[in-house]
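Asks: Residue strings, one per chain:
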Amino acid sequence: MKQKIAIAILALVALCALLAPVIAPYDYSRQFRDTPHATASSQFLMGTDDLGRDRLSRLIYATRVSILLAPAAALVSVMLALLLSGFTSLTTLCLSLPWIFLFIILRALMPLNTRPLESILLTFALMGVAGWAWPARIFGASIEQMKQSGWLLQARASGIGSRRIALVHVWPHLRAIAWAQLRVLVPAYILSEASLGLIGLGVAEPLPSWGNLLAELQRPEAVHSNPWVLAPLGLLMIVMICLEQVAP
Amino acid sequence: MIRVLTPRRLLSNLFSLIVIVLLGGFAAAALVRYSPGFSSIPEDLDPSISPETLQALHARYEDSNPLPVFYARYLAGTFKGGFGISTALNQPVADLLRRRAPVTAKLIAMGTAGGLLLGALLAWMAVWTRKAYLETAAFSLSGLLLAVPPAVLALAFFFNQAPLAIALALALFPRLFGTMRTLLDDAWRSPTLLAARARGVGPGVIASRYVLGGAIPQIVALLGVALVLAFGAAIPIEVICGVPGIGALALQAAVGRDMPLLCALALIITFFVTFVHSVGDLLA
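If you read the protein sequences in the order shown, they are chains P and C.
All you need for our numbering is the position in the first sequence, starting with 1, plus 7.
All you need for our numbering is the position in the second sequence, starting with 1, plus 12.
Hint data in this document are derived by calculation from the structure and do not stem from the laboratory.
For clarity, every value in this text was computed on a predicted model and none was experimentally measured.
Here a beta-carbon is modelled for each residue, glycine too, at the ideal position from N, C-alpha and C.
Do not take every clue at face value.
[What the hints assert, rightly or not] In silico BS3-like cross-links for lysine-lysine, where the CA-CA straight-line distance does not exceed 30 Å:
1. K118/C with K92/C
2. K11/P with K143/C
3. K9/P with K143/C
[Said to hold, decoys possible] Listed next, with one range per pair, are the computed distances between beta-carbon atoms:
4. G155/C with P213/P: 32 to 40 Å
5. T46/P with G94/C: 38 to 46 Å
6. Y145/C with A183/P: 28 to 36 Å
7. A149/C with A15/P: 19 to 27 Å
8. K154/P with A149/C: 49 to 57 Å
9. I30/C with L52/P: 58 to 66 Å
10. I30/C with V136/P: 25 to 33 Å
11. V136/P with P256/C: 26 to 34 Å
12. P229/C with R190/P: 23 to 31 Å
13. D58/C with A183/P: 48 to 56 Å
14. L79/C with L124/P: 24 to 32 Å
15. D57/P with L79/C: 38 to 46 Å
16. D57/P with D58/C: 21 to 29 Å
Isolated chain P, as found in the complex (with noise of 0.2 Å):
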């Protein structure tokens, strides 16, 4: 029952994502420069920033960002993962290598005036890339141990083709396999990107996303003029739980 609930809520947010530009009262980056730091009203729900741009429409914008790209870096980290699974030594060295150090600092290395489009595009295949290692000691381990089952012992000495016995006999095992990794990595990546929008290394102004929209929480007189400012961190968090719930 809970994950039914939860699958719905994340439909509905997942469909709010996709129908932005529908929904959506204003464009994000739309400014009404008479009326910045706007408390909440009939015009503005959630009331405006402090460049005068409508909370709500950001955060359904956000929202799109976030929820549609981090699912897109974990196909990517999960489909590397699958390729390079059986270079153990290649896989031993990059799960010894600092990640999110060096994430960090290739994200801190671009240069300032990069545009919006790219730094999402970046940020999210950074995460891909170098989420890789992971699943891919887990394919690695997985696919040693049905090397060495009897039932692909006796495909091989029916005569089976390799090609054959990957498509048809190992491929479901590891499918299995790589939906569960998706699903643990996709809340990793969101939580990633929020992270890295907060202290200024996620998606450039003026596109929102969760992360940079989160960044407002370092004023804290903000907060107290516009309880709204938690929205963002109240979504994400809600959606954290539905993907907890639906994990495996």
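Based on the hints, put chain C in the right spot on chain P.
Replies: Frame of chain P; chain C shown alone:
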């Protein structure tokens, strides 16, 4: 499978540690050196700076040697003592690390200890009391904390002038709680413990001898994972709360394109991660 700690295994682990640290340092230096933004500096955006000055600034930031030559020279300098001079902060890297490392070490040590203690306490309550409401409460707290970015937790503590180590402990707790609960549950269900309980052995003896005694290898392995997780969570916490530790130094080094400092940090952090994993592997 129990693996005995032999001198050969110890040497093999030491050799792997050295190779991984050197390769890791090189890989990190290569990633940094060839990242698309390495050759761009903040001064590029300043229209008042003349092209000649910009050229001189670029020459100062960029080492003209090929990366392997730079890395070999850097390692040779490191073995002679010191990690070179920071180009961005114009100070010996060793001095910078000496000042900053204890701050991060203290934050990580206290945060890890707090996370492990809280995880153990709640796992103990959930498994030992066999009360469904306690287990639900522990899982709910874990799930709630897992949904919050560690930096947001740290901000809440920072603005209320509470110790940041508690924020780190709360960020780590949900990532350790599940494993600790499984460990304790396995111990609870083990036939040895069942026999001890049937013999009327007291809870204190059961906890110290049967549960902790049997779970030490797994706890050591978990400690290794916890330390690495704590380091990862400490970097954004330091940056956002202005803690003068290694995380904040790393960001300063990246923004200043400070290759000697970045290489030193990559070597030290790779050593830390690999060392922690090796110790966990040897003792497990």
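Asks: Next step is simple, just say for each hint if it's right about the structure.
Replies: Evaluated hints:
no. : hint                           : in the structure
1   : K118/C with K92/C              : 28 Å, holds
2   : K11/P with K143/C              : 26 Å, holds
3   : K9/P with K143/C               : 21 Å, holds
4   : G155/C with P213/P: 32 to 40 Å : 34 Å, holds
5   : T46/P with G94/C: 38 to 46 Å   : 56 Å, violated
6   : Y145/C with A183/P: 28 to 36 Å : 34 Å, holds
7   : A149/C with A15/P: 19 to 27 Å  : 25 Å, holds
8   : K154/P with A149/C: 49 to 57 Å : 44 Å, violated
9   : I30/C with L52/P: 58 to 66 Å   : 59 Å, holds
10  : I30/C with V136/P: 25 to 33 Å  : 26 Å, holds
11  : V136/P with P256/C: 26 to 34 Å : 31 Å, holds
12  : P229/C with R190/P: 23 to 31 Å : 29 Å, holds
13  : D58/C with A183/P: 48 to 56 Å  : 55 Å, holds
14  : L79/C with L124/P: 24 to 32 Å  : 30 Å, holds
15  : D57/P with L79/C: 38 to 46 Å   : 43 Å, holds
16  : D57/P with D58/C: 21 to 29 Å   : 25 Å, holds
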